[in-house]
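Student: Going down the list, the protein sequences come from chains A and Y. FYI, my numbering numbers position 81 of the first sequence as 81, with every residue one higher than the one before it. Just add 1000 to the spot in the second sequence (first one is 1) and you have my numbering.
I should point out that these hints are in silico values taken from the structure, not numbers from a laboratory. Remember, predicted model here, so these are calculated numbers, not experimental data. By construction, the Cβ of each residue, glycine as well, lies at the ideal position given by its N, Cα and C atoms. Where hints are given, some of them may not hold.
What the hints assert, rightly or not - The calculated DSS-like cross-link candidates involving lysine-lysine, where the alpha carbons are at most 25 Å apart (straight line), are: (1) A:K65 to Y:K1044; (2) A:K52 to A:K8; (3) Y:K1118 to Y:K1064; (4) A:K52 to Y:K1126; (5) A:K35 to A:K52; (6) Y:K1063 to Y:K1118; (7) Y:K1044 to Y:K1118; (8) Y:K1126 to A:K65; (9) Y:K1126 to Y:K1044; (10) A:K35 to A:K8; (11) Y:K1126 to Y:K1042; (12) Y:K1060 to A:K65; (13) A:K52 to A:K65; (14) Y:K1118 to Y:K1042; (15) Y:K1060 to A:K69; (16) A:K52 to Y:K1060; (17) A:K52 to Y:K1118; (18) Y:K1064 to A:K52; (19) A:K52 to Y:K1042; (20) A:K8 to Y:K1044; (21) A:K35 to A:K69; (22) A:K35 to Y:K1060.
Unchecked claim - Take a look, some chain A residues computed to stay more than 10 Å from chain Y by CB distance: (23) G20; (24) R21; (25) D24; (26) L26; (27) E27; (28) V28; (29) R29; (30) P46; (31) K69; (32) G71; (33) V80.
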Amino acid sequence: MSETIRVKVLFFGAVADEVGRRVDELEVRTGAPSKSIFDRLLSDYPSLSTHKLLFSVNQNYATGKETLKTGDELAIFTAVSGG
Amino acid sequence: MRMDFFEITTERISIESIARRIVPPECGATVTLDGYVRQFTKGKETIYLVYEAYEEMALKEMKKLIDQARDQFEIVNIGIVHRLGRLEIGETSVVISVAAPHRRAAFAACEWLIMELKRTVPIWKKEVYTDGEQWIEGQSDSPSLPTAQR
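Extracted from the complex, chain Y is given alone in its bound form (with noise of 0.2 Å):
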């Protein structure tokens, strides 16, 4: 039975509680990204994060994450969670937990996950400074991605 979950929140995610949501009988490892906001970048203090999606897109595109995963990786399910709105430094935004019969798949598909998310789905930061703020902009100039330019 898959367990696979992807979700959208405004409110403080619980590690544990996604983790555990996805362990199926047959699993003995589970990897979880805990990404949390960053006091410092580059040297440059953040204040705190505002996250914003197109939720509606953003959904699809994490379920395409997802089925694609399960199509490379020797996994069994996958839980994705990403919050929106103002967060502080030390919070978590994205958690991706992956459960697999062995921990070797689990790591590499966690991985390749937070990677295509940080590049395919419509989620954007701002960085809030003591004297300004800041859209952060994606590396995507990815050839499956179309761009304006091209």
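For reference, chain A alone in the conformation it holds in the complex (with noise of 0.2 Å):
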């Protein structure tokens, strides 16, 4: 069994922007929670934490305890503006 997977993750408007990319793939320990590659994100791009941000998993809002598994789709992004 491997000791680490890929997962995909998405940023969109502002934070597109500061990460300067839309996508990427990021490996993570097999067993890692979501909440894991947020953390990662932030301490990456401090800049990021001057936002409200909000985290998905696979297209539902994240509550940072989901357990990653390969394939997954994450998306990063502030609070929505829509309307």
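Take the two lone chains and join them into the complex the hints point to.
Tutor: Spelled out as structure tokens, the structure:
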């Protein structure tokens, strides 16, 4: 069994501008919770913490406790402003 | 028969056609919100807006809103359409139509739907000014939505 898995991370709006891309693939240890990805992004891009951020896992708002598996689609974005 | 629909488009939205798509024989009133691009926000002039969405999730969230509205209000059908891309001043960005036997429930459901859409559906607007641009950040510090700072 592999020690790490790969997940897809999507960025939108102001977050995409700050990280300079719209999509990435990140490696994470098997069994890690979704929060580990979000924490890593916040530590790689400290400026993100000035925003009101929301996260999702597989197109549902995340609790941070989801156990990640290969192929999961995560996203990070600011509080929504449609309408 | 349910005639609900929820869509995301980059095309100009036709309000009348949306309102008429959801009318069944047992209804007597349709309330339609026409949300469009405002020129002045707190005195600052917007030249145009750009809307972006996480489309797959936005459609899922719209579907959830429709199901929740049906549980809470005496309504029959709901149609929601949101436009993406560049929108000029006065162009329609969102339409929510609610058909009901009686108007009161339709008004209440329409107001609830737009409030929830602005809080939960992953769509963002960027305001473009003569001297710059800015992504608008929503208000949602809502306890039902997890946040990074928790």
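Student: Indicate, hint by hint, whether the structure satisfies it.
Tutor: Okay, the hints, checked on the actual structure:
The suggested pairing of K65 (chain A) with K1044 (chain Y) is violated, with an alpha-carbon distance near 41 Å, which exceeds 25 Å. The hinted pair formed by K52 (chain A) and K8 (chain A) meets the criterion: a straight-line CA distance of about 22 Å does not exceed 25 Å. For the suggested pair K1118 (chain Y) and K1064 (chain Y), the alpha carbons sit about 14 Å apart, so the restraint of at most 25 Å is met. Of the pairs offered as hints, the one joining K52 (chain A) and K1126 (chain Y) holds, with about 16 Å between alpha carbons and a cut-off of 25 Å not exceeded.
A threshold of 25 Å between alpha carbons decides the hint, and for K35 (chain A) with K52 (chain A) the separation of about 16 Å falls inside it, so the pair holds. Using a Cα cut-off of 25 Å, the hinted pair K1063 (chain Y) and K1118 (chain Y) holds, with the two alpha carbons roughly 14 Å apart. For the suggested pair K1044 (chain Y) and K1118 (chain Y), the alpha carbons sit about 21 Å apart, so the restraint of at most 25 Å is met. Restraint check for K1126 (chain Y) and K65 (chain A): not satisfied, since their Cα atoms lie roughly 31 Å apart, outside the 25 Å limit.
Distance restraint check for K1126 (chain Y) and K1044 (chain Y): the Cα-Cα separation of roughly 14 Å lies within the 25 Å cut-off, and the hinted pair is therefore satisfied. With a CA separation close to 14 Å, the supplied pair K35 (chain A) and K8 (chain A) stays within the 25 Å bound. At most 25 Å may separate the alpha-carbon atoms for a hinted pair to count; K1126 (chain Y) and K1042 (chain Y) meet this at roughly 16 Å. A C-alpha spacing of about 21 Å is found between K1060 (chain Y) and K65 (chain A), which places the hinted pair at or below 25 Å, so the restraint holds.
With a CA separation close to 19 Å, the supplied pair K52 (chain A) and K65 (chain A) stays within the 25 Å bound. Taken as a hint, the K1118 (chain Y) and K1042 (chain Y) pair is honoured in the structure, with Cα atoms around 19 Å apart against an allowance of 25 Å. Of the pairs offered as hints, the one joining K1060 (chain Y) and K69 (chain A) holds, with about 21 Å between alpha carbons and a cut-off of 25 Å not exceeded. The suggested pairing of K52 (chain A) with K1060 (chain Y) holds, with an alpha-carbon distance near 22 Å, which does not exceed 25 Å.
Restraint check for K52 (chain A) and K1118 (chain Y): the C-alpha separation of about 14 Å stays at or below 25 Å, so the hint holds. About 23 Å separates the Cα atoms of K1064 (chain Y) and K52 (chain A), which keeps this hinted pair within 25 Å; it holds. The straight-line distance between the Cα atoms of K52 (chain A) and K1042 (chain Y) is roughly 21 Å, inside the 25 Å bound, and the hint therefore holds. For a cut-off of 25 Å, the pair hint linking K8 (chain A) to K1044 (chain Y) is broken: about 38 Å separates their Cα positions.
Proposed proximity of K35 (chain A) and K69 (chain A) is supported: the alpha carbons are some 13 Å apart, at most 25 Å. Annotation: proposed proximity of K35 (chain A) to K1060 (chain Y) holds, straight-line Cα distance about 22 Å (limit 25 Å). The beta carbon of G20 (chain A) sits about 15 Å from the closest Cβ of chain Y, which is more than 10 Å, so the claim that it is off the interface holds. Residue placement check: R21 (chain A) keeps its beta carbon more than 10 Å from all beta carbons of chain Y (closest about 14 Å).
At roughly 15 Å, the least C-beta separation between D24 (chain A) and chain Y is larger than 10 Å, which holds for a residue marked as non-interface. Non-interface call for L26 (chain A) relative to chain Y: holds, since the shortest CB-CB distance, roughly 16 Å, exceeds 10 Å. At roughly 21 Å, the least C-beta separation between E27 (chain A) and chain Y is larger than 10 Å, which holds for a residue marked as non-interface. Every CB of chain Y is more than 10 Å from the CB of V28 (chain A) (nearest about 17 Å), matching its label as outside the interface.
Consistency note on R29 (chain A): stated as away from chain Y, and its beta-carbon is indeed over 10 Å from all of that chain's, at 21 Å minimum. The claim that P46 (chain A) is not at the interface with chain Y holds, since no C-beta of that chain comes within 10 Å of its own (minimum 12 Å). For K69 (chain A), the requirement that its beta carbon stay farther than 10 Å from each beta carbon of chain Y is met, with the minimum near 18 Å. Chain Y leaves G71 (chain A) outside its interface by the beta-carbon criterion, the shortest separation being 14 Å against a cut-off of 10 Å.
With 10 Å as the threshold on Cβ separation, the claim that V80 (chain A) sits away from chain Y is violated: the shortest Cβ distance comes to roughly 5 Å.
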